[in-house]
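**Q** Here's the letter readout for the chains.
2 protein chains.
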Amino acid sequence: MTSLSIADVLAAATRIRPFIHRTPVMTSEQLDARLGAHVFFKCENLQKTGSFKARGAHNAVYSLTDAEAATGVVTHSSGNHAGALARAAQRRGIPCAVIMPANASAVKKAAVASYGATIIECEPTLSAREAAAAKVLAATHGTLVHPYDDCRVVAGQGTAALELLEGYPDLDLLLTPVGGGGLLAGSALTAKSMNRKVRVIGVEPALADDTFRSYHGTTRVVINSSATIADGLRGSIGERNLELLRKHVDDVVTVSEAEIIDATRFLWERMKIVVEPSSAVPLAALLNGKVPVAGLKVGIILSGGNVDLDALPWVHAPR
Amino acid sequence: MTSLSIADVLAAATRIRPFIHRTPVMTSEQLDARLGAHVFFKCENLQKTGSFKARGAHNAVYSLTDAEAATGVVTHSSGNHAGALARAAQRRGIPCAVIMPANASAVKKAAVASYGATIIECEPTLSAREAAAAKVLAATHGTLVHPYDDCRVVAGQGTAALELLEGYPDLDLLLTPVGGGGLLAGSALTAKSMNRKVRVIGVEPALADDTFRSYHGTTRVVINSSATIADGLRGSIGERNLELLRKHVDDVVTVSEAEIIDATRFLWERMKIVVEPSSAVPLAALLNGKVPVAGLKVGIILSGGNVDLDALPWVHAPR
Numbered sequence: 002m003t004s005l006s007i008a009d010v011l012a013a014a015t016r017i018r019p020f021i022h023r024t025p026v027m028t029s030e031q032l033d034a035r036l037g038a039h040v041f042f043k044c045e046n047l048q049k050t051g052s053f054k055a056r057g058a059h060n061a062v063y064s065l066t067d068a069e070a071a072t073g074v075v076t077h078s079s080g081n082h083a084g085a086l087a088r089a090a091q092r093r094g095i096p097c098a099v100i101m102p103a104n105a106s107a108v109k110k111a112a113v114a115s116y117g118a119t120i121i122e123c124e125p126t127l128s129a130r131e132a133a134a135a136k137v138l139a140a141t142h143g144t145l146v147h148p149y150d151d152c153r154v155v156a157g158q159g160t161a162a163l164e165l166l167e168g169y170p171d172l173d174l175l176l177t178p179v180g181g182g183g184l185l186a187g188s189a190l191t192a193k194s195m196n197r198k199v200r201v202i203g204v205e206p207a208l209a210d211d212t213f214r215s216y217h218g219t220t221r222v223v224i225n226s227s228a229t230i231a232d233g234l235r236g237s238i239g240e241r242n243l244e245l246l247r248k249h250v251d252d253v254v255t256v257s258e259a260e261i262i263d264a265t266r267f268l269w270e271r272m273k274i275v276v277e278p279s280s281a282v283p284l285a286a287l288l289n290g291k292v293p294v295a296g297l298k299v300g301i302i303l304s305g306g307n308v309d310l311d312a313l314p315w316v317h318a319p320r
Numbered sequence: 002m003t004s005l006s007i008a009d010v011l012a013a014a015t016r017i018r019p020f021i022h023r024t025p026v027m028t029s030e031q032l033d034a035r036l037g038a039h040v041f042f043k044c045e046n047l048q049k050t051g052s053f054k055a056r057g058a059h060n061a062v063y064s065l066t067d068a069e070a071a072t073g074v075v076t077h078s079s080g081n082h083a084g085a086l087a088r089a090a091q092r093r094g095i096p097c098a099v100i101m102p103a104n105a106s107a108v109k110k111a112a113v114a115s116y117g118a119t120i121i122e123c124e125p126t127l128s129a130r131e132a133a134a135a136k137v138l139a140a141t142h143g144t145l146v147h148p149y150d151d152c153r154v155v156a157g158q159g160t161a162a163l164e165l166l167e168g169y170p171d172l173d174l175l176l177t178p179v180g181g182g183g184l185l186a187g188s189a190l191t192a193k194s195m196n197r198k199v200r201v202i203g204v205e206p207a208l209a210d211d212t213f214r215s216y217h218g219t220t221r222v223v224i225n226s227s228a229t230i231a232d233g234l235r236g237s238i239g240e241r242n243l244e245l246l247r248k249h250v251d252d253v254v255t256v257s258e259a260e261i262i263d264a265t266r267f268l269w270e271r272m273k274i275v276v277e278p279s280s281a282v283p284l285a286a287l288l289n290g291k292v293p294v295a296g297l298k299v300g301i302i303l304s305g306g307n308v309d310l311d312a313l314p315w316v317h318a319p320r
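Chain order of the listed sequences is A and B.
Position in the first sequence counted from 1, then plus 1, gives you the numbering used here.
Position in the second sequence counted from 1, then plus 1, gives you the numbering used here.
Check each hint, because a few of them may be wrong.
So, partial list: chain A residues that the calculated Cβ filter (under 8 Å) puts toward chain B [claimed, not checked]: (1) 47; (2) 269; (3) 270; (4) 306; (5) 310; (6) 315.
Ranges between beta-carbon positions, derived for each pair [to be verified]: (7) 217(A) with 11(B): 39 to 47 Å; (8) 22(B) with 309(A): 40 to 48 Å; (9) 251(A) with 168(B): 37 to 45 Å; (10) 111(B) with 26(A): 23 to 31 Å; (11) 25(A) with 170(B): 18 to 26 Å; (12) 33(B) with 25(A): 15 to 23 Å; (13) 111(B) with 19(A): 44 to 52 Å; (14) 312(B) with 26(A): 26 to 34 Å.
For lysine to any residue, the following SDA-like pairs were computed, each having C-alpha atoms within a straight-line distance of at most 20 Å [as the list claims (entries may be wrong)]: (15) 136(A) with 270(B); (16) 298(A) with 129(A); (17) 110(B) with 110(A); (18) 298(A) with 15(B); (19) 248(A) with 270(B); (20) 110(A) with 270(B).
Please keep in mind that the hints were generated in silico from the structure rather than gathered at the bench.
For every residue, glycine included, the Cβ atom is placed at its ideal position computed from N, Cα and C.
Taking the hints into account, I'd like the entire structure generated from these sequences.
**A** As structure tokens, this is what we get:
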């Protein structure tokens with residue numbers, strides 16, 4: 002994994018091109034005036050399946066040989082990776098099994114089912130998930146595609162930064178949210194390969210600050226559960242991803258729940274796009290001075306747009 | 002007004018180009034599969050000030066001579082035209098006065114104020130609005146820029162269809178929402194001038210069906226107030242716009258409140274864009290079979306994205 006290189010990202014870009022969107026980049030004059038900066042948002046909320054996860058999932062599925070593919074793919078995820086892998090498998094015409102906790106949201110289960118995947122419910126613990134996955138893998142001889150601890154997935158996630166830097170090669174700064182670290186690791190590797198001067202910073206909810214503590218400390222910190230509203234970022238940093246972060250990432254900072262909610266609302270209200278709270282975490286850092294940006298060109302990857310429209314962040318969320 | 006021609010729209014396009022966005026066009030594979038059609042959404046929700054109204058307002062303001070401009074512009078509007086005119090006036094550096102009903106939303110007043118316009122409150126009746134406007138005009142010798150009954154405004158609104166047809170010249174069908182008729186009249190004039198074969202259809206809430214009844218009847222019907230959730234479409238069709246509709250528009254159809262809400266939610270949930278309910282009215286017609294589209298290339302102008310995020314359509318709206 003840690004031998005992952007820009008060549009893997011470039012290969013992923015070619016491999017997944019027929020199946021995903023080259024998503025647009027949006028800007029806000031109002032935001033730029035407020036920050037005294039130029040901010041470029043890479044809109045992965047407009048990606049197939051509603052998040053950047055489509056990139057890594059399609060790269061993994063289309064990396065398989067026909068023989069490997071024939072036995073299908075398996076993952077455990079309650080979130081965007083599940084839908085992305087199900088869609089990639091459907092597109093290739095191979096079986097997909099997703100282990101989901103019994104308490105996963107009905108909306109997310111419906112999305113996975115709509116792509117024709119088999120859903121296997123389990124208790125909402127990591128050990129139950131892993132045991133259920135092992136059982137399916139033993140029965141099907143399929144391939145596990147982990148949500149973030151997988152080099153094919155990390156290489157695929159790097160293609161969003163690749164597209165962004167192709168359009169804006171002179172970015173001073175690139176920010177992404179960080180959960181398991183696949184997006185941040187892939188983005189940092191890619192950005193540094195394209196422009197050695199670009200600084201790369203990961204932003205994390207303070208309520209799920211395993212990466213912050215791991216990156217700034219000496220050992221990997223694992224958090225078993227978090228109530229952060231940024232539900233895509235509740236997972237803990239992968240061990241191999243942490244190695245990549247130490248190598249390529251310049252800083253990791255955290256933001257509060259209230260800051261995340263305000264930034265989410267800014268994106269909906271001012272930029273007229275639907276993003277999930279996880280997407281708004283890097284903007285929250287800018288709006289609250291956690292990362293100085295005056296005079297800089299800043300790229301942000303908006304990670305996804307899958308949100309329950311019956312339970313909006315600013316309506317019932319903790320402040 | 003009824004002598005308005007494509008030349009006026011082309012002149013408007015040139016005039017306003019420095020001040021507005023050339024908005025993107027979005028598509029949805031999922032929607033296309035459901036309808037058996039190709040639908041192209043012109044995203045005026047991503048326009049400056051959050052709606053297509055920026056087009057007409059900037060065309061009007063920049064059509065003024067320096068002498069005319071010096072005394073400023075005046076309008077009466079509680080909605081998107083008010084913010085658009087205020088922004089255009091601020092951009093040109095001239096005074097702007099907006100007559101708003103005392104019960105207009107705080108969000109909309111704040112938007113107008115943020116562009117430096119003077120707000121004059123009045124009772125929420127048409128006669129009070131007109132009396133207040135007359136008083137301001139007498140005092141300032143400014144220029145009235147009506148929200149839709151103004152040829153400069155209609156020509157400006159036509160530039161959205163111009164851009165859409167430039168990109169997709171072989172559309173079979175173009176749909177827009179209809180309130181006062183400026184967008185529909187300008188779009189129809191423009192589309193028919195560019196491609197005689199394109200059919201143009203206006204879509205209106207059944208709760209505000211003045212245009213439907215006017216177009217299909219012999220006299221202009223005026224509705225004094227409507228409770229439709231599509232708050233941009235509560236106004237009645239302008240007399241001159243009705244003439245243009247009779248000349249250039251192929252049909253006017255209506256949709257229910259529940260159909261509007263469902264279509265709004267589709268655009269948020271599936272296409273990840275924030276639109277106001279008025280924008281979703283044409284899609285509501287397609288989703289409910291009010292306009293047959295199988296096999297066709299269909300353009301829709303999404304009119305705007307200014308919505309109160311504390312009061313979402315599907316949370317408290319009448320069904």
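**Q** For each hint, tell me whether it holds in the structure or not.
**A** Do the hints match the structure? See the list:
1. 47: 6 Å, holds
2. 269: Hint holds; residue 269(A) Cβ to chain B Cβ min 5 Å, cut 8 Å.
3. 270: 6 Å, holds
4. 306: 4 Å, holds
5. 310: With Cβ-Cβ at 6 Å, under 8 Å, it holds.
6. 315: Given a least distance of 7 Å, the restraint on residue 315(A) holds.
7. 217(A) with 11(B): 39 to 47 Å: 59 Å, violated
8. 22(B) with 309(A): 40 to 48 Å: 30 Å, violated
9. 251(A) with 168(B): 37 to 45 Å: With a Cβ separation near 40 Å, residue 251(A) and residue 168(B) satisfy 37 to 45 Å, so the hint holds.
10. 111(B) with 26(A): 23 to 31 Å: 28 Å, holds
11. 25(A) with 170(B): 18 to 26 Å: 22 Å, holds
12. 33(B) with 25(A): 15 to 23 Å: At roughly 19 Å between Cβ atoms, residue 25(A) and residue 33(B) fall inside 15 to 23 Å, so the hint holds.
13. 111(B) with 19(A): 44 to 52 Å: The hint (44 to 52 Å, Cβ to Cβ) holds, given that residue 111(B) and residue 19(A) are roughly 46 Å apart.
14. 312(B) with 26(A): 26 to 34 Å: Holds, since residue 312(B) and residue 26(A) (Cβ atoms, about 31 Å apart) stay within the stated range.
15. 136(A) with 270(B): 35 Å, violated
16. 298(A) with 129(A): Roughly 45 Å between the alpha carbons, so the hint for residue 298(A) and residue 129(A) is violated.
17. 110(B) with 110(A): Distance ~42 Å between residue 110(B) and residue 110(A) Cα, so the pair is violated.
18. 298(A) with 15(B): 30 Å, violated
19. 248(A) with 270(B): Outside the cut-off at roughly 38 Å; violated.
20. 110(A) with 270(B): 15 Å, holds
In terms of the numbered hints stated before, the structure departs from hints 7, 8, 15, 16, 17, 18 and 19, listed from lowest to highest.
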